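J.: Sequence:
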Amino acid sequence: MNCVAVCQDDLIVKTLHEALSPTLDIEFLVDTQSQKHRLHKYGISTQVGDPCQATTYAQANVTADTCIIVENSGRKNIQAIVDAASEAGTSLVYVLLVGKKTNDQTKKTLALPNVSTLTLSELTKTSLINALDRSLTRSLVKQYQRHFEDAGRVLILLHNDPDPDALASGLALRNLLRRTRTTAIIGAFHGVTRPENQRMTNLLDITVESITAESLAQFDRIATIDVQPHYFGGLLNRVDLVIDHHPERSNSQTLFKDVRSDFGSTATIMTNHLRAINANISERVATALLYAIKSDTLFLSRQTNRSDLDAFTFLYQLANTQLVRKIEGSGITSERLKYVTKASQTGQIRDQVFTACLGMVPREDIVTYVSDFLLQVEDIKWTVVAGQIDDKIVISVRNVGYTRHAGTFINKWFDDIGSAGGHRAMAKAIIPFSEFQKKFSAVTSDDITLILGDLATQFILEPSQKA
665 MNCVAVCQDD LIVKTLHEAL SPTLDIEFLV DTQSQKHRLH KYGISTQVGD
715 PCQATTYAQA NVTADTCIIV ENSGRKNIQA IVDAASEAGT SLVYVLLVGK
765 KTNDQTKKTL ALPNVSTLTL SELTKTSLIN ALDRSLTRSL VKQYQRHFED
815 AGRVLILLHN DPDPDALASG LALRNLLRRT RTTAIIGAFH GVTRPENQRM
865 TNLLDITVES ITAESLAQFD RIATIDVQPH YFGGLLNRVD LVIDHHPERS
915 NSQTLFKDVR SDFGSTATIM TNHLRAINAN ISERVATALL YAIKSDTLFL
965 SRQTNRSDLD AFTFLYQLAN TQLVRKIEGS GITSERLKYV TKASQTGQIR
1015 DQVFTACLGM VPREDIVTYV SDFLLQVEDI KWTVVAGQID DKIVISVRNV
1065 GYTRHAGTFI NKWFDDIGSA GGHRAMAKAI IPFSEFQKKF SAVTSDDITL
1115 ILGDLATQFI LEPSQKA
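Our numbering applies: residue 665 is where the sequence shown begins, and numbers increase by one.
Derived by calculation from the structure, the hints in this document are not laboratory data.
Accuracy of the hints is not assured; some may be wrong.
[Claimed, not checked] Mimicking EDC-like on lysine to aspartate or glutamate, the simulated pairs with C-alpha atoms at most 20 Å apart in a straight line are:
no., residue 1, residue 2
1, K1006, D1036
2, K1102, D1036
3, K921, D797
[As the list claims (entries may be wrong)] Here are the in silico distance ranges between beta carbons for each label pair:
no., residue 1, residue 2, range
4, R739, T985, 52 to 60 Å
5, K806, P911, 20 to 28 Å
6, R810, Q1122, 44 to 52 Å
7, P1127, S1105, 38 to 46 Å
8, N725, G993, 16 to 24 Å
9, S1105, E912, 32 to 40 Å
10, P1026, K806, 42 to 50 Å
On a predicted model such as this, the values are computed, not experimentally measured, just so you know.
C-beta: ideal position from N, C-alpha, C; glycine also.
Produce the entire structure from the sequences given, and follow the hints as far as they go.
T.: Right under this line is the structure:
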């Protein structure tokens, strides 16, 4: 989060800097060059300018997402500062009360809907950061709602064969936008195939409509959730909103984008959005989001942060946990066992890296399941499993999380010939089989197994470049 603080007192500047700089990207707006030089000695980023002029905030690169904190020193016109900041485009203004007497004009300013107050004592509390983050999120959500409110038909587009995170987040986004299933369609180009995901859609009454390239023109607004536009290979000419937790890809025209790759799931982002506006979260939506977080983070054991834990704890009180257990089912099926057995019999282990090619498989989830399952084997720290679906090869990568970056590995070798990406502990590539053969001269499953082993070992043993 970006923050600009308008301060006159050096002590206030130092206090704010110490409290907020570990979490926020904060810059201070001060009156004089001499004050700027004094603060520079402490490594504090400052600009000199008139806080009552909108151009000052433009020079500080203030946007709608920037939080403004104004010291109420009694020496500045708070109303003029708020007006200038608002003219520059921000809607998040906090007035820092520092014990000075507040005049009537300032009291009127503090009553404005986009102005909140802080005290110095709050600066030492983590709740301040939470409050600022909640305010920023609330502002963003209101922008989304205003943009979508006059649309006739809205498409909430998920990735192919949607997983629990996509399904739950799509459901939550429809709630967030105050839409119904007739005015906001949850859709995908290829529907749900994985058994437990089908149980989820069935038990939680989530309908995923089939979308075609031609049908996109029927929608007034399009949002992608748990996926970014590049995934669809140029099918989307315009996207109004992207919400995702995968690493950001910038090659798309998007009006609003909320990508948080440090989160373990998109469901966590959506939970934060709903909480920021005090939305009424039904048991159905809470159950979907809880299951999504549990599923996407392997019960909070993979690629998670404090926000994931907070969201899970919050949702647990609202969700139907019996229904979550029913969605999960019995776990391994005979079909999955067949492919786990095949992988263990035909795969190879080299330097704690397991690689295998399953040949033709009926669905993507088979490949990811085998990759997840075999990571549990003692002395295996990486799994790289491939499978062929129609004319494409799917490669799923898993690791224990503290070694090299799985997403970097998958991008290094496959981004130029297909769709590739992921996080430190998990990644996936989907590649036209002909392109894979052309690049690596691999024909048989055994060839692919050996090549994946070579690529993974080479990558892991490279001189570490903090990836």
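J.: Just to be sure I understand the hint, the distance between the Cβ atoms of R739 and T985 should be within 52 to 60 Å; is that true here?
T.: For R739 and T985 the Cβ distance comes to about 56 Å; the hint holds.
J.: Could you grab the alpha-carbon distance between K921 and D797 and see if it respects the 20 Å cut-off?
T.: holds, 16 Å
J.: Measuring from beta carbon to beta carbon, are R810 and Q1122 in 44 to 52 Å?
T.: At 50 Å between Cβs, range holds.
J.: CB of P1026 to CB of K806, is that within 42 to 50 Å?
T.: holds, 44 Å
J.: Go ahead and decide if the range 16 to 24 Å is satisfied by the Cβ distance of N725 to G993.
T.: Violated, since N725 and G993 (Cβ atoms, about 50 Å apart) do not stay within the stated range.
J.: Hey, K1102 versus D1036, does the alpha-carbon distance stay inside 20 Å?
T.: violated, 28 Å
J.: Is the gap between the beta carbons of S1105 and E912 within 32 to 40 Å?
T.: Holds - the Cβ-Cβ distance for S1105 and E912, about 33 Å, lies within 32 to 40 Å.
J.: Regarding the pair K1006 and D1036, is the alpha-carbon distance no greater than 20 Å?
T.: Distance of about 15 Å is within 20 Å: holds.
J.: Is 38 to 46 Å respected by the C-beta to C-beta distance linking P1127 and S1105?
T.: Given range 38 to 46 Å: violated, Cβ gap about 27 Å.
J.: Is the gap between the beta carbons of K806 and P911 within 20 to 28 Å?
T.: holds, 27 Å
Hint compliance for this structure: hints 2, 7, 8 are not met, and every other hint is.
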